[in-house]
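S.K.: The listed protein sequences derive, respectively, from chains A and X.
Residue numbers in the first sequence follow this note's numbering, run continuously in steps of one, and reach 284 at the last position.
Residue numbers in the second sequence follow this note's numbering, run continuously in steps of one, and reach 415 at the last position.
It should be emphasised that the hints constitute simulated quantities derived from the structure, not laboratory data.
Note that CB positions come from ideal geometry on N, CA and C, so glycine has one too.
Be careful, since some hints might not be right.
[Stated by the list, open to error] Here are a few chain X residues that face chain A, going by a calculated C-beta distance under 10 Å:
1. Asn25
2. Gly26
3. Ile86
4. Leu151
5. Leu197
6. Glu201
7. Leu271
8. Glu274
9. Leu278
10. Lys300
[What the hints assert, rightly or not] With a straight-line Cα cutoff of 16 Å, these simulated EDC-like cross-link-like pairs (lysine to aspartate or glutamate) come out:
11. X:Lys405 with X:Asp373
12. A:Lys51 with X:Glu274
13. A:Lys275 with X:Asp21
14. X:Lys54 with A:Glu19
15. X:Lys330 with X:Asp363
16. X:Lys135 with A:Glu36
17. X:Lys5 with X:Glu48
18. X:Lys5 with A:Glu19
19. X:Lys295 with X:Glu274
20. X:Lys5 with X:Asp64
21. A:Lys278 with X:Glu88
22. A:Lys191 with X:Glu231
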Amino acid sequence: MDNQSVLVIEAGRAEGHYWKDLWRYRELFYFLAWRDILVRYKQTVIGLAWALIRPFLTMVVFVVVFGKLAKLPSEGVPYPILVFAALLPWQFFANAFTEAGNSLISNANMISKVYFPRLVVPTSAVIVSFVDFLISGIILVGLMLWYGFAPDWRIFTLPLFIFIAFAAAMGAGLWTAALNVKYRDFRYIIPFVVQFGLYVSPVGFSSTIVPEQWRLLYSINPMVGVIDGFRWAILGGTTKLYWPGFMFSLFLVLVMLVTGIIYFRKTEKTFADVI
Amino acid sequence: MSPVIAVENLSKKYIIGHKKQERYTALRDVLANGAKRFTYKLTHPLAGPQNDSEHEEFWALKNVSFDIQQGDRVGIIGRNGAGKSTLLKILSRITEPTSGRVSIKGRVASLLEVGTGFHPELTGRENIFLNGAILGMRKVEIKKNFDEIVAFAEVDRFLDTPVKRYSSGMYVRLAFAVAAHLDPEILIVDEVLAVGDAQFQKKCLGKMEEVGKEGRTVLFVSHNMAMISNLCQKGIFLEGGKISLQGEASQAIQKYYQSANEKSEVHNRGIGSEAVELLSVELVGLSGALETTIHDKLTIRMKYKIKKAIDARCVPNFHFFAPDGSYIFVSVANEISKLPPGVYQADCRVPGGLLNEGTYFVGVAITSYFDSGTYDVEFFDRNALMFNIIDPMDARSNRYGYAGPVPGVLRPKLDWQISRRDE
């Protein structure tokens, strides 16, 4: 017994064992994500098919509105593929951000009764959205087969952009999750941001239609960089990446992630008291 | 040997708002208050900071220090709001202390609520894994203990049924079973066994006792003094966020009842229904030690108020429990008729020469019996009173010099006739 590690609880103690604990609870990431996925499609008739139907219909609407009615340029690829290459990361971000932002509130009971590193909760929410992301990826593969579209070598850089999308969702999600615990206003801010973001991000159209002098400013929205990166990797060929804008977005994503983790860690200790 | 849990000067402060009920703040208020403070500063440039009268500090725990040795089974008792739950929350790392220090050796499992993280839509099987993971078990551990958990919970037939279709008893059984198989070095249990039927409570207590016997440490919070006295050897009595007594469980329990009696013989705890309310309970004429002898009679007095006319007979009944929580008997008042609203006093005299030496717990209740044959329990306070019976070992004790314990809960004085019959 005596050689056991001693746990010390003190006010404001910077816990060195936090990250070790996070590792010890690594299976909880999986279990919480597993729970949410399992629960989501219980008592539904078509089950997992919902993960395909929603993005597919959104894509159809965007193609009709932006491609057919507004006749926006398609960078030489079929418009549905152009849209879907952006819809994938956008929906991933939107879902992950929403779920992560609300995750602490919806697990309030657990938080006030059991100890575990709280970082597990929003992270699992992001993982759940990532599973959806992978499932809706099937649609993209289907579209590519349908149009006989073959990606080039750039497709192998896709994991890098997925990682950036992940970081963006985590960063934004951690901020809102932590703020939501204290200020429930974020419950209303989240859907607004998601709705608003869909229009200001280049999902239904290519970001090349934004005038050159505004593109750096446009990249303040970190999802612009992520979406452009996805298109660059998936569409290949003539698609160009606007590097200054991309680097700027990437920088913002990293800042958001790091500050998000710091803020979350700082407020985490009081979650049980205020939730 | 150094203690497994060492607590030094532990304090926890909460800020309680008087203005509104929500525990969380709305951004709106933060901004509004900020603006208010700013305008105040502009208009009163020389005044000091505004006094924040809307918020008040509340110390849920204040300078609490104690040590717990390995293998101790410690009961933590106190009235509502004495800081028991806060203490457990700090020890289980759910919340952080405001000041002070705790050091804990070994793996802690805390069960502050039964079935935390259970998802109603998931099946029993799925919930075992989920709940286990939330409590900090590895998947392999859960798998290893799976059969045992199922057997303990007695839910094997319903393993693949969503728990939302479980009866509350099954739900609690399953939840406790998962937690009980955590194999922690230190087990922290809040009042969770109040739910579930008597048989299951017994099973849980047995499990906890087993855990204690294996050299592990158990911290147990309960309002049920009989359970505490049965399960724990050590006790901590908290009062108003401070430790009032730390020692043997029996001492702490005694203190608990004494503090209730000292404050006023009338300890209204707001127990009651719309129709009938418990005003006070009292052991008439008993000193602070709550002790009487096996020979003396004892009067238990309950004052209650019938608040409105009800078409039923409101019958007081007293329940006597042994320290292990088992029932000894129930005594129901006789010849009660329908009573008009008013304050009443029920005296129940327990004769001398009935109970054995030991500690007894009394629960008080009022049941109203309707003419239709149905009844309502107006209130039932299971921990209303405690008393000790001692044997003065005088001639009346019929000990004839024997000084050891006499077995049994009862030791009634019965009629004996000895007559000579040698013919």
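S.K.: Regarding the hint that Glu274 (chain X) lies at the interface with chain A, is the smallest CB-CB distance below 10 Å?
M.R.: violated, 37 Å
S.K.: Given Leu197 (chain X) as an interface hint, is its Cβ closer than 10 Å to any Cβ of chain A?
M.R.: It is violated, given that the least Cβ distance between Leu197 (chain X) and chain A is near 21 Å, above 10 Å.
S.K.: How about Leu271 (chain X): closest beta carbon in chain A under 10 Å, or not?
M.R.: violated, 35 Å
S.K.: Does Asn25 (chain X) meet its interface restraint, that is, does its C-beta lie within less than 10 Å of any C-beta in chain A?
M.R.: Asn25 (chain X) check fails; min Cβ-Cβ to chain A is 13 Å, beyond 10 Å.
S.K.: Is the shortest C-beta separation between Lys300 (chain X) and chain A less than 10 Å?
M.R.: Given a least distance of 38 Å, the restraint on Lys300 (chain X) is violated.
S.K.: Lys191 (chain A) and Glu231 (chain X) were given as a pair; does the straight-line alpha-carbon distance stay at or below 16 Å?
M.R.: violated, 31 Å
S.K.: Just to be careful, I want the Cα atoms of Lys295 (chain X) and Glu274 (chain X) compared with a cutoff of 16 Å; is the pair within it?
M.R.: holds, 9 Å
S.K.: Taken at face value, is the distance from the CA of Asp373 (chain X) to the CA of Lys405 (chain X) at most 16 Å?
M.R.: Violated. Lys405 (chain X) to Asp373 (chain X) sits at ~30 Å, over the 16 Å cutoff.
S.K.: Regarding the hint that Leu151 (chain X) lies at the interface with chain A, is the smallest CB-CB distance below 10 Å?
M.R.: With a minimum Cβ separation of about 15 Å from chain A (threshold 10 Å), the hint on Leu151 (chain X) is violated.
S.K.: Under 10 Å, Cβ to Cβ, is where Glu201 (chain X) needs to be relative to chain A, so tell me if that hint holds or is violated.
M.R.: violated, 20 Å
S.K.: Given the hinted pair Lys135 (chain X) and Glu36 (chain A), is their alpha-carbon gap at most 16 Å?
M.R.: OK: Lys135 (chain X) and Glu36 (chain A) at ~14 Å, within 16 Å.
S.K.: Between Lys5 (chain X) and Glu48 (chain X), is the straight-line Cα distance small enough, at 16 Å or below?
M.R.: Measuring from Cα to Cα gives roughly 10 Å; hence the hint holds.
Hint check: violations occur at hints 1, 2, 4, 5, 6, 7, 8, 9, 10, 11, 12, 13, 20 and 22; the rest are consistent with the structure.
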